[in-house]
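The sequence shown begins at 1 in this note's numbering and counts up one residue at a time.
Note that these hints are calculated values from the structure, not bench results. The model shown is predicted, which means the values in this text are computed figures rather than measured ones. One should not assume that every hint holds.
What the hints assert, rightly or not - Calculated cross-link-like contacts (lysine-lysine; reagent style DSSO-like; alpha-carbon spacing at most 30 Å): (1) 322 to 29; (2) 143 to 58; (3) 109 to 146; (4) 81 to 143; (5) 146 to 58; (6) 58 to 322; (7) 58 to 109; (8) 175 to 146; (9) 322 to 266; (10) 81 to 266; (11) 266 to 21; (12) 81 to 58; (13) 143 to 322; (14) 29 to 146; (15) 146 to 266; (16) 175 to 266; (17) 29 to 143; (18) 81 to 109; (19) 266 to 109.
Claimed, not checked - What follows is a set of in silico ranges between Cβ atoms, one per label pair, in the way DEER data are often shown: (20) 263 to 100: 15 to 23 Å; (21) 262 to 204: 48 to 56 Å; (22) 143 to 17: 39 to 47 Å; (23) 323 to 118: 15 to 23 Å; (24) 25 to 278: 44 to 52 Å; (25) 263 to 32: 55 to 63 Å; (26) 133 to 278: 28 to 36 Å; (27) 172 to 304: 47 to 55 Å; (28) 123 to 263: 40 to 48 Å; (29) 118 to 203: 36 to 44 Å; (30) 40 to 337: 17 to 25 Å.
Glycine included, C-beta positions come from ideal geometry on N, C-alpha and C.
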Amino acid sequence: MTATIHQIGGHRAPSLDPILKLVAPEMNKVNAVILDRMQSEIPLIPELAGHLIAGGGKRMRPMLTLACARLLDYPGERHHKLAAAVEFIHTATLLHDDVVDGSDMRRGKTAANLIFGNPAAVLVGDFLFSRSFELMVEDGSLKVLKILSHASAVIAEGEVNQLTAQRQITTTEEKYLDIIGSKTAALFAAACKIAAVVAESGEAQEMALDAYGRNLGIAFQLVDDAIDYVSDGATMGKDIGDDFRDGKVTLPVILAHSRGSAEEQKFWHDAMLGNRVSDEDLLHATTLLRAHDAIDDTIERARHYGQRAIDSIAHFPGGEAKAALVEAVEFAIARAY
């Protein structure tokens with residue numbers, strides 16, 4: 001078997017259409033599991049969960065589980081419940097995140113905590129976490145349980161780490177990468193790796209798919225953090241400048257701060273402390289980010305991790321599944337343009 005190296009970039013705008021088409025029949029089965037397991041005799045639970053789960057979203061993480069299983073020619077159905085478990089973990093973290101961040105929007109809709117209240121959002125998030133673990137236990141694989149439960153713990157650690165770094169302009173690039181590697185990339189990696197476990201493909205394949213998911217997750221978050229300053233609410237599904245107003249020290253801010261004059265560094269210090277959060281301040285922040293190439297360099301860093309993701313699956317044979325996984329990476333990067 002020979003490896004093929006695919007370079008990011010091309011003439012056609014990448015999309016998620018290939019991976020959507022690849023997994024559509026199986027995604028219907030995953031959605032059926034999601035719909036079934038979000039039900040409860042307590043009406044508020046499916047109502048609140050449905051507000052987020054049925055409210056859009058690309059379902060990228062469960063799609064990755066399904067696509068990786070196709071890449072390995074897995075003929076079974078175990079991955080359907082596990083893909084649903086992955087989506088429940090992701091949805092639970094979103095509910096909790098919106099409470100912590102005080103977000104107004106999620107996936108283009110009013111955040112669930114604003115409609116139903118913070119206590120309900122937190123508790124329904126807990127319910128979805130519990131459902132995810134039920135699905136893992138039903139699968140019966142201790143290895144799968146270990147991978148997904150560890151990812152859940154790492155995500156929580158990443159969120160706490162981000163909380164401690166909030167409004168700390170001295171946050172280093174190393175700490176930032178550690179945060180996004182935990183809070184975002186860990187679930188991407190686990191979603192891909194469990195496909196190799198259920199397919200019994202061996203440790204080498206597991207590690208390759210783990211590396212694919214982890215690097216894709218980092219690239220995905222880097223782009224998210226870049227477009228928080230240059231996109232719009234309709235595109236992102238959340239308010240523009242949320243990270244700025246929340247005092248989240250992301251890579252664009254770290255780069256602009258390190259490259260700025262003493263006056264500019266004072267602006268960033270004041271802004272991250274919450275003292276410069278007007279629309280005019282956001283516009284000034286964006287101007288500084290562009291002046292110091294902080295947005296472009298963040299996106300270039302995302303391209304680097306995206307290429308690493310693609311390189312991680314270079315040794316797999318070509319075909320529809322591999323092409324879809326490659327284009328999923330290209331799509332993640334293209335969201336910045």
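Verification of the supplied hints:
Proposed proximity of residue 322 and residue 29 is supported: the alpha carbons are some 22 Å apart, at most 30 Å. About 27 Å separates the Cα atoms of residue 143 and residue 58, which keeps this hinted pair within 30 Å; it holds. Under the criterion of a C-alpha separation no larger than 30 Å, the hint pairing residue 109 with residue 146 is inconsistent with the structure, at around 34 Å. About 15 Å separates the Cα atoms of residue 81 and residue 143, which keeps this hinted pair within 30 Å; it holds.
Only pairs whose Cα atoms come within 30 Å are accepted, and residue 146 paired with residue 58 is accepted, the gap being roughly 26 Å. With a C-alpha separation of about 19 Å, the suggested pair residue 58 and residue 322 falls inside the 30 Å cut-off, and the hint holds. Only pairs whose Cα atoms come within 30 Å are accepted, and residue 58 paired with residue 109 is accepted, the gap being roughly 14 Å. Restraint check: the Cα-Cα separation between residue 175 and residue 146 comes to about 25 Å, which is no more than 30 Å; the hinted pair holds.
Taking the CA atoms of residue 322 and residue 266, the gap is near 47 Å; set against the 30 Å cutoff, the hint is violated. Between residue 81 and residue 266 the alpha-carbon distance is near 50 Å, which puts this suggested pair outside the 30 Å criterion. Straight-line distance between C-alpha atoms of residue 266 and residue 21 comes to about 49 Å, which puts the hinted pair past the 30 Å bound. For the given pair, residue 81 sits about 18 Å from residue 58 by alpha-carbon distance, which is consistent with the 30 Å threshold.
For the hint linking residue 143 to residue 322, the alpha-carbon distance of about 25 Å falls within 30 Å, and the restraint holds. Taking the CA atoms of residue 29 and residue 146, the gap is near 24 Å; set against the 30 Å cutoff, the hint holds. Between residue 146 and residue 266 the alpha-carbon distance is near 45 Å, which puts this suggested pair outside the 30 Å criterion. The straight-line distance between the Cα atoms of residue 175 and residue 266 is roughly 21 Å, inside the 30 Å bound, and the hint therefore holds.
Proximity of residue 29 to residue 143 is assessed by CA-CA distance (about 23 Å); at most 30 Å being required, the pair is judged to hold. Under the criterion of a C-alpha separation no larger than 30 Å, the hint pairing residue 81 with residue 109 is consistent with the structure, at around 27 Å. The hinted pair formed by residue 266 and residue 109 fails the criterion: a straight-line CA distance of about 35 Å is larger than 30 Å. The hinted range of 15 to 23 Å is not satisfied by residue 263 and residue 100, whose Cβ atoms lie roughly 32 Å apart.
One distance hint, 48 to 56 Å for the beta-carbon pair residue 262 and residue 204, holds here, with the actual separation near 51 Å. Between residue 143 and residue 17 the beta carbons are some 33 Å apart, a value that contradicts the proposed interval 39 to 47 Å. Separated by about 43 Å at the C-beta atoms, residue 323 and residue 118 break the suggested range of 15 to 23 Å. Here the CB-CB span from residue 25 to residue 278 is close to 50 Å, well matched to the stated 44 to 52 Å.
Between residue 263 and residue 32 the beta carbon distance is about 57 Å. The supplied range of 55 to 63 Å therefore holds. Between residue 133 and residue 278, the C-beta spacing of about 44 Å breaks the proposed range 28 to 36 Å. Distance hint check: the CB atoms of residue 172 and residue 304 are about 18 Å apart, inconsistent with the given range 47 to 55 Å. Restraint check, residue 123 to residue 263: a C-beta distance of roughly 46 Å satisfies the suggested window 40 to 48 Å.
At roughly 43 Å, the beta-carbon separation of residue 118 and residue 203 lies within the given 36 to 44 Å, and the hint holds. Distance hint check for residue 40 and residue 337: the Cβ-Cβ separation is about 42 Å, which falls outside the suggested range of 17 to 25 Å.
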